[in-house]
Amino acid sequence: MLRIDSLTTDHGQVRAVDHVSFDVEVGSCTAVIGANGAGKSSLLRTLSGLVKSSSGSAHWGDVDLLKLPTSEVVRHGVAHVPEGRSVIAELSVEENLNLGALWRGKDPDVTVTKSEVLDLFPRLGERLKQGADSLSGGERQMLAIGRALMARPKLLLLDEPSLGLAPIVIEQIFHTIDTMRKATGLTVVLVEQNAVSALAIANHAIVLALGKIVASGEAKAIASDESLRHAYLGY
Amino acid sequence: MVDVSNLSTTFFSRIPRPLRALLGIAIAAFAWVLMGDRISEFRVTQGSMVAAYALAIISIVMLTGYSGQVSLGHGSFLAVGAYACALFLVNLHWPLWLSFFASVLAAAGVGAIVGIAAARLSGPYLAGTTLAFAVGVPSISGLVSILGGEQGISWDAAEQYAPPSRYGDPYVFLNKWVYWICGAALAIGIALAINITKSRYGRIWRAVRADESAAALAGINVARSKILAFAVSAGFAGFAGAILSVTLSSVAPSTFGLSLSFLILTGAVIGGVRSIYGAIIGALALVILPTLSDMIASNASESIHTNLPGVITGVLLVLTVLFNPGGTAAAFNHLAHGLRFKGRRSSH
Amino acid sequence: MSTLLSTLITGLSLGAIYSLMAIALILVWRSTRVVNFAQAGQAVLSTYIGLEIHRMTGSYWLAIVLSIIFGGVLGGLIDLALVRPLLRRAGSGPEAAVAPVIATLGLLAVLQGVVGMFWGGELIKFPSAFSTAGLSIGGSKIPFSAFDLFTVGASLAVMLAFSFIFQRTGLGLSMRAAAFSPEVAQLAGVRTGRVRTIGWSFAGAAGGLAGVLITPTTFLAPNSLDLLLVFGFTAAVVGGLESMIGGALGGLALGFGLALVLQYAGSSYTFMTAFVVLLAVLLLRPQGLIGKRGGRRV
Chain A
1 MLRIDSLTTD HGQVRAVDHV SFDVEVGSCT AVIGANGAGK SSLLRTLSGL VKSSSGSAHW
61 GDVDLLKLPT SEVVRHGVAH VPEGRSVIAE LSVEENLNLG ALWRGKDPDV TVTKSEVLDL
121 FPRLGERLKQ GADSLSGGER QMLAIGRALM ARPKLLLLDE PSLGLAPIVI EQIFHTIDTM
181 RKATGLTVVL VEQNAVSALA IANHAIVLAL GKIVASGEAK AIASDESLRH AYLGY
Chain B
1 MVDVSNLSTT FFSRIPRPLR ALLGIAIAAF AWVLMGDRIS EFRVTQGSMV AAYALAIISI
61 VMLTGYSGQV SLGHGSFLAV GAYACALFLV NLHWPLWLSF FASVLAAAGV GAIVGIAAAR
121 LSGPYLAGTT LAFAVGVPSI SGLVSILGGE QGISWDAAEQ YAPPSRYGDP YVFLNKWVYW
181 ICGAALAIGI ALAINITKSR YGRIWRAVRA DESAAALAGI NVARSKILAF AVSAGFAGFA
241 GAILSVTLSS VAPSTFGLSL SFLILTGAVI GGVRSIYGAI IGALALVILP TLSDMIASNA
301 SESIHTNLPG VITGVLLVLT VLFNPGGTAA AFNHLAHGLR FKGRRSSH
Chain C
1 MSTLLSTLIT GLSLGAIYSL MAIALILVWR STRVVNFAQA GQAVLSTYIG LEIHRMTGSY
61 WLAIVLSIIF GGVLGGLIDL ALVRPLLRRA GSGPEAAVAP VIATLGLLAV LQGVVGMFWG
121 GELIKFPSAF STAGLSIGGS KIPFSAFDLF TVGASLAVML AFSFIFQRTG LGLSMRAAAF
181 SPEVAQLAGV RTGRVRTIGW SFAGAAGGLA GVLITPTTFL APNSLDLLLV FGFTAAVVGG
241 LESMIGGALG GLALGFGLAL VLQYAGSSYT FMTAFVVLLA VLLLRPQGLI GKRGGRRV
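Protein chains in written order, with the numbering used here: chain A, 1 to 235; chain B, 1 to 348; chain C, 1 to 298.
These are calculated hints, taken from the structure and not from any lab test. Please note that the accuracy of each hint is not assured.
[What the hints assert, rightly or not] Here are a few chain C residues that face chain B, going by a calculated C-beta distance under 8 Å:
1. Pro85
2. Leu87
3. Val98
4. Met117
Please read these numbers as outputs of a predicted model, since none were measured by experiment. Even for Gly, the Cβ is constructed at its ideal location relative to N, Cα and C.
Okay, chain A solo, but in the shape it has when bound (with noise of 0.2 Å):
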């Protein structure tokens, strides 16, 4: 289970993640909603050690998240998908995917992995030689997801899968993004603008506005509350 007590980020003067707390149970999925400036990309970025914290606490299971440098979180089975289809552009398709298992050293399963990483995103296996700067924003998008998967993590933080890809893309990851969960019991942490296509696929959000967690709940619940969705989803 992934633990958030309490946690606060600052940037500077700015109080980017202040004092959330929240519980993922394993095998679920958590949609973190909000406007942009929230302080949602703060939340993923701090559990993952790219950004220190100023208080509180985060442990995934028995691992305390706030003592690890970042290049350790994923050998503790977490995961991060960062903003911005952050594909390595002078690097092939292949090797990024490579990338993602290189900490597994010479584990023969790594075969494995890339062929279940391949079968959930067919096309990143017809362009394997090809340089990930030839990608689509949406293969790209597929890539960065596959090369987190060939960690074979437990918890995956997705920050905005959806940014900047046309409808039937986002359907289409978000999709795949369900029936992975589904079918491997992998925990999801799913920060999103697009609060319609998250929820849709999330057991239970929560709602962030400066910072501060304003709403949570089921999904659905918070799907249908109308008062919530005019003041913080905007839709």
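Please arrange chains B and C on chain A, whose structure you already have, making use of the hints.
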């Protein structure tokens, strides 16, 4: 705030501004002359070197501290100034002050040309290119015969700028006269530098340094401001080169190698790249450090003796960057600030 | 043999050495975003260590191998002792912009001073296992010695080894990933600090080899490799500063170019060459001769 003058604010602030400036100049001039009287003839020449280094460091302060550009080749602009001064003085027989003026203009002109290129470069590209510039410039002396090749140009100082005398009997000996000239040059340089940095251009440079895009949006011509800063900085370096050549009564390419460029950069870092007053501290350090290491290594072997100053300055550079990036001037300010606010500060 | 051809042959071995230096600078630049001006000092110290080994054992091969190893160890130590705290303290303002430049220049002064303290300032010829006199082919002498052949071969071997490591091994993949996107690399589990230390070691080793290869034909003194640093930097910029292959080609191009300048203009002009080439490349083709258009901001 990076300004050592803060140190004395409490006392000086009661005196009206123009008077304060005059008083400051008078005290400094008195101290400079007094120092010259108290030290030996060799030390007097070292005093002239302090003035030359201080002007050179001020040129780095203008360039790096105000305009945010890096140059590893400023020794070359000293070379331009020094050679120009020698040519005007020795070949064209211009008076000293006019030679100084011309050498400043010559260096500023070369600086403007290099600055046009530099304005388009940044970071390591600018550093590397100016480094290559520094390697290239001294070799020009071998290509143009008027520059005198490896030997350079040397002259009889007593003939070119003799101290004032009555019935052939000079009031002061030659080295001290040069020392006074250098002191006056330094005073003019500092006054100029302060005026420039407090002018509109100083503010524009700082704006560009802080954020180029913001400055451009505010209507500042970023490239032009950088080129101007480079030219002004090169002018100061040329001035420094001119008085260096007058002190040594010679110019030679070996004086202006890479090590000179590194030396003035060292002085600027030790003194603090943002502080004009820090330049004097840096210049003093450059002159005192070799003497100091001489004393430490007086019984050591020849090779240790010659290399200790380099090692000490190198270690100082690294330590300054790691532990006191603002240089001595900033450290003084922190100290002064801390002392002044000690009583009032309750929480922090 | 035509003058032009023999001039180009002269440039080949020099170009190979510039390539090594360029690769050393590129390795550090890619891993740390710092141009390591201390590289000249590191190379000079490694070369003197090799000289000392040769004096003690008489073995050229032991000397060259230990020079390279020492260069590697020294590079790694510099990263741990100097670069790591420097990166941790990265501040802002004009001081931060010049901090890495000043720190590596300071280190250069320290290294050259230490070398001077131990070995003095006199010019020394580094030994070589092969003749530095021109080979003769079919009775006519060419300006290319057995040692030049060795220089080109050794440089080529090192470049091939590096390119194998970079393109074919996990370490190489993590080094490239850390260079292009440190954040993504860390999230993928790459220990970027360790990778950077290895990069500095590789660079130090390449610099050490460059020093050992250039000093039999020029000479060895505490600051005798400053010029190699400037030419290595020029070669790296010509190649685009990001690509190893670019650096290697840049080195060769510069070697040929300098040989031509030396032949047709005279030795006084060689010092200006680096500056002119740098300016021309940076202003006319900022992405480097083989870089992609719009690739870098200089």
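Structure-based check of all given hints:
Interface restraint check for Pro85/C: the shortest CB-CB distance to chain B comes to about 6 Å, inside 8 Å, so the restraint holds. Taken as an interface hint, Leu87/C does not check out: its beta carbon lies about 11 Å from the nearest beta carbon of chain B, beyond 8 Å. Here the hint on Val98/C is kept, as its CB sits about 5 Å from the closest CB of chain B, short of 8 Å. With a least beta-carbon distance of about 5 Å to chain B, the hint placing Met117/C at the interface is held under the 8 Å criterion.
Violated hint for the displayed structure: number 2, the only one.
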